[in-house]
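**Student:** Sequence:
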Amino acid sequence: MKVTKNQIDTFLEPKKLAVAGVSRNEKKFGHVVFKELSKHGYEVLPINPKTDNINGTTCYPDVESLPENIDSILILTPKFETDKILQSSIKRGIKNIWVQQSSDTKETLRIAEEYEKEIILNKCIFMFAEPIRGVHKFHRTINKIFGALPK
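For the sequence shown, numbering that gives the first Met the number 0 assigns the number 0 to the initial residue and increments by one for each residue that follows.
No lab work stands behind these hints, which were simulated from the structure alone.
The beta carbon of each residue, even a glycine, is placed where N, CA and C say it ideally should be.
Hints are not guaranteed to be accurate.
Label-pair ranges, simulated between beta-carbon atoms [what the hints assert, rightly or not]:
#1 F79 <-> E25: 30 to 36 Å
#2 I141 <-> G55: 36 to 42 Å
#3 A147 <-> E117: 18 to 24 Å
#4 E67 <-> E12: 25 to 31 Å
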């Protein structure tokens with residue numbers, strides 16, 4: 000499944016998205032994503048079944064509990080949880096699904112194909128959500144030079 004620039008732009012454009020896998024632990028990647036996206040103007044609806052609040056933001060236990068008007072979900076859970084969340088997201092009718100690099104399994108692509116759903120796979124959100132900084136800016140520049148960015 001080839002990821003396109005249009006898919007990424009469509010995912011990021013609404014500035015409102017659910018994020019499955021947000022941790023209460025500030026050092027975990029899920030928490031860093033939540034914090035950075037929130038800081039840069041995104042309305043992030045965190046999903047974590049073990050808490051109802053992260054940094055003062057309402058946390059949802061699962062995809063089914065999200066408000067109706069969610070079009071995008073970023074899945075950055077451990078691999079053993081990813082496919083269940085992917086299926087719930089597809090069944091819920093969420094239009095734009097991004098499975099964070101290293102969260103996918105051998106089944107993830109098969110599930111997407113079974114439901115005829117285009118998803119973003121094998122990409123890091125920090126390579127595309129503006130502003131791009133630090134090591135991600137460097138990697139993006141290298142990918143651009145070598146033509147490896149989605150077109």
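**Student:** Please go over all the hints and tell whether each is borne out by the structure.
**Tutor:** Status of the hints after comparison with the structure:
The given range of 30 to 36 Å is broken by F79 and E25, whose C-beta atoms sit roughly 23 Å from each other. A C-beta distance of roughly 37 Å is found between I141 and G55, which places it inside the suggested range of 36 to 42 Å. A147 and E117 have their C-beta atoms about 20 Å apart, which keeps the hinted 18 to 24 Å range intact. Between E67 and E12 the CB atoms are about 19 Å apart, so this pair departs from the stated range of 25 to 31 Å.
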